[in-house]
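The task is simple: from the sequences and hints, build the whole structure.
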Amino acid sequence: MKTLVIVTHPEIEKSVINKRWIEELKKYPEKYTVHQLYKAYPDGKINVAKEQELMESHDTIVFQFPFYWFSSPPLFKQWLDEVILHGWAYGSNSGYKLAGKKMTLAVTAGIDEEEYAASGKYKYTMKELLRPYELTFDYIKAQYEEPFVYYGIERDPSDEWIGKSVPMYLDFLDALSVNNCGQDKLVLDSCQDSL
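Counted the way our numbering counts, the sequence shown spans residues 71 to 265.
No lab work stands behind these hints: they were computed from the structure. There is no bait here: all hints are sound.
Calculated pairs, DSS-like style, for lysine-lysine (alpha carbon to alpha carbon, straight line, at most 25 Å):
| hint | residue 1 | residue 2 |
| --- | --- | --- |
| 1 | Lys172 | Lys147 |
| 2 | Lys115 | Lys147 |
| 3 | Lys120 | Lys147 |
| 4 | Lys97 | Lys84 |
| 5 | Lys167 | Lys147 |
Next comes the structure, spelled out in structure tokens:
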């Protein structure tokens, strides 16, 4: 099954790295569904039913965005508020529609990785700063995977630095889609069904 990559970048045409990642993903339409929130909803009016259907039709979901003010661009927060609803994604009568789906983040950060540390400029690791997403995905019973973070784009926006990220990102996505048979009952059941 294809991996859904939900991209949230308000100025994708000015992007140097997120734009390049999208270009690479589009070379493999059999592997990836690329969904750009700012292109789909330039007016900020989200089609909730369409988004929920898209999520339900994929087993692996990656949220790709540049790190903005120690969080995501604002449309992603709005998307979470409007799409991940009680009665659908969580709650006793929801059926937890996203339960068991692999979810993770692919984040571009301008600053070098060592600045995201107790001794660094920003005092916290990226893992600590991204914890609200981990908790959100845990809350809806999705299977949170460690994120992919590519640092240092402000220091080195060269084609070489950007190009270096592409195979790393594709390898990360491929590793997500590898079937981890035997790790838990839900995945094991689907593995047995595919034998």
